[in-house]
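Undergrad: Take these sequences, add in the hints, and give me the full structure.
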Amino acid sequence: DTEVTQTPKHLVMGMTNKKSLKCEQHMGHRAMYWYKQKAKKPPELMFVYSYEKLSINESVPSRFSPECPNSSLLNLHLHALQPEDSALYLCASSQDPGQGREQYFGPGTRLTVT
Amino acid sequence: GENVEQHPSTLSVQEGDSAVIKCTYSDSASNYFPWYKQELGKGPQLIIDIRSNVGEKKDQRIAVTLNKTAKHFSLHITETQPEDSAVYFCAASMGFQKLVFGTGTRLLVSP
Numbered sequence: 001d002t003e004v005t006q007t008p009k010h011l012v013m014g015m016t017n018k019k020s021l022k023c024e025q026h027m028g029h030r031a032m033y034w035y036k037q038k039a040k041k042p043p044e045l046m047f048v049y050s051y052e053k054l055s056i057n058e059s060v061p062s063r064f065s066p067e068c069p070n071s072s073l074l075n076l077h078l079h080a081l082q083p084e085d086s087a088l089y090l091c092a093s094s095q096d097p098g099q100g101r102e103q104y105f106g107p108g109t110r111l112t113v114t
Numbered sequence: 115g116e117n118v119e120q121h122p123s124t125l126s127v128q129e130g131d132s133a134v135i136k137c138t139y140s141d142s143a144s145n146y147f148p149w150y151k152q153e154l155g156k157g158p159q160l161i162i163d164i165r166s167n168v169g170e171k172k173d174q175r176i177a178v179t180l181n182k183t184a185k186h187f188s189l190h191i192t193e194t195q196p197e198d199s200a201v202y203f204c205a206a207s208m209g210f211q212k213l214v215f216g217t218g219t220r221l222l223v224s225p
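Just so you know, the protein sequences line up as chains A and B, in that order. No gaps in the numbering here: position 93 of the first sequence is 93 in my numbering, and each next residue is one more. No gaps in the numbering here: position 35 of the second sequence is 149 in my numbering, and each next residue is one more.
The hints are simulated quantities; they were obtained by calculation from the structure and are not laboratory data. Since this is a predicted model, take the numbers as computed values, not measurements. Cβ coordinates follow ideal geometry from the N, Cα and C atoms, glycine included. One thing to keep in mind: the hints can contain errors.
As the list claims (entries may be wrong) - Below, in silico cross-link-like pairs of lysine to aspartate or glutamate (EDC-like), each with a Cα-Cα straight-line distance of 20 Å or less: (1) 156/B with 3/A; (2) 185/B with 119/B; (3) 40/A with 119/B; (4) 156/B with 52/A; (5) 171/B with 198/B; (6) 9/A with 198/B; (7) 212/B with 52/A; (8) 9/A with 85/A; (9) 172/B with 102/A.
To be verified - From chain B, some residues computed to sit far from chain A (all C-beta separations above 10 Å): (10) 171; (11) 195; (12) 196; (13) 197.
Stated by the list, open to error - Residues from chain A that keep clear of chain B, each with C-beta distances beyond 10 Å, as calculated: (14) 13; (15) 20; (16) 64; (17) 68; (18) 87.
TA: So, in structure tokens, the structure goes:
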């Protein structure tokens, strides 16, 4: 089983709202990732958590705040977003953070900022 | 940093034909090369991968080849079917944890 689940599937929020995206995996993976994907573009890495600790932040604006409450869960807290932040937000996981580990993606959350 | 180029950007084939998508990477230290298929409204799905100690890998109708000297790797799909229609992304592993993706190829298989 290589399933990564994400909720919600769709989210519409105003620029003053606070919302959160949730990601879950039960494969015992110890590395989890957030990617952003704009239309007709490849996924772009935002954050990496290794063993529940933030290991990579790709210079993401502070209006995006990741959290890893435990080894199965990954959240992305959103606050004061801009319309240009509208995109598909993808979560992925891998067995561990070592090089060459297969990354498995969830279905994504389609975010629209109005 | 690592840069991955992918060609073609779009590829149209007839059902039953073969399709080939090519990628070039820049960082000779990269040693892991996955391919993802993304259908409309879905997340990327890992379909095959190859590591630098292997020159070719095959899984039923799909195969991947790697030329480390030229820093090229390619995806080959034989006997294409309409359900193969999707966007395909190549990627290269740039150090621990980081994947750098190519720009994507939209494959359309016509019945």
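Undergrad: A cut-off of 10 Å on Cβ-Cβ distance, and residue 171/B was said to be off the interface with chain A. Does that hold?
TA: With a cut-off of 10 Å, residue 171/B remains clear of chain A, as the shortest Cβ separation is near 13 Å.
Undergrad: Is the claim that residue 20/A lies outside the interface with chain B correct, judged by CB distances over 10 Å?
TA: 19 Å, holds
Undergrad: Below or equal to 20 Å on CA atoms is what counts here, so check residue 212/B against residue 52/A.
TA: 17 Å, holds
Undergrad: Taking the minimum C-beta separation from residue 197/B to chain A, is that value above 10 Å?
TA: Correct as stated: the minimum Cβ-Cβ distance to chain A is 18 Å, above 10 Å.
Undergrad: Taking only the CA atoms, is the gap from residue 40/A to residue 119/B under or equal to 20 Å?
TA: Holds: residue 40/A and residue 119/B sit about 15 Å apart, inside 20 Å.
Undergrad: So residue 68/A supposedly isn't at the interface. Is its beta-carbon more than 10 Å from every beta-carbon in chain B?
TA: 14 Å, holds
Undergrad: Just want to verify: residue 196/B was marked as not at the interface with chain A; is every Cβ pair farther apart than 10 Å?
TA: 21 Å, holds
Undergrad: Would the least Cβ to Cβ distance between residue 195/B and chain A come out above 10 Å?
TA: At about 23 Å from chain A, residue 195/B clears the 10 Å cut-off, so the statement holds.
Undergrad: Test the statement that residue 13/A is away from the interface with chain B: the closest C-beta pair must be farther apart than 10 Å.
TA: Non-interface label stands for residue 13/A: nearest chain B Cβ at 20 Å, farther than 10 Å.
Undergrad: Take a quick look at whether residue 156/B and residue 52/A sit within 20 Å of each other, Cα to Cα.
TA: Given pair residue 156/B, residue 52/A is violated - Cα atoms ~26 Å apart, limit 20 Å.
Undergrad: Does the alpha-carbon distance linking residue 9/A and residue 85/A stay inside the 20 Å limit?
TA: Answer holds: residue 9/A to residue 85/A is near 16 Å, not above 20 Å.
Undergrad: Is residue 172/B within 20 Å of residue 102/A, Cα to Cα?
TA: 17 Å, holds
Violated hints, listed in ascending order, are 4 and 6; each of the other numbered hints is respected by the structure.
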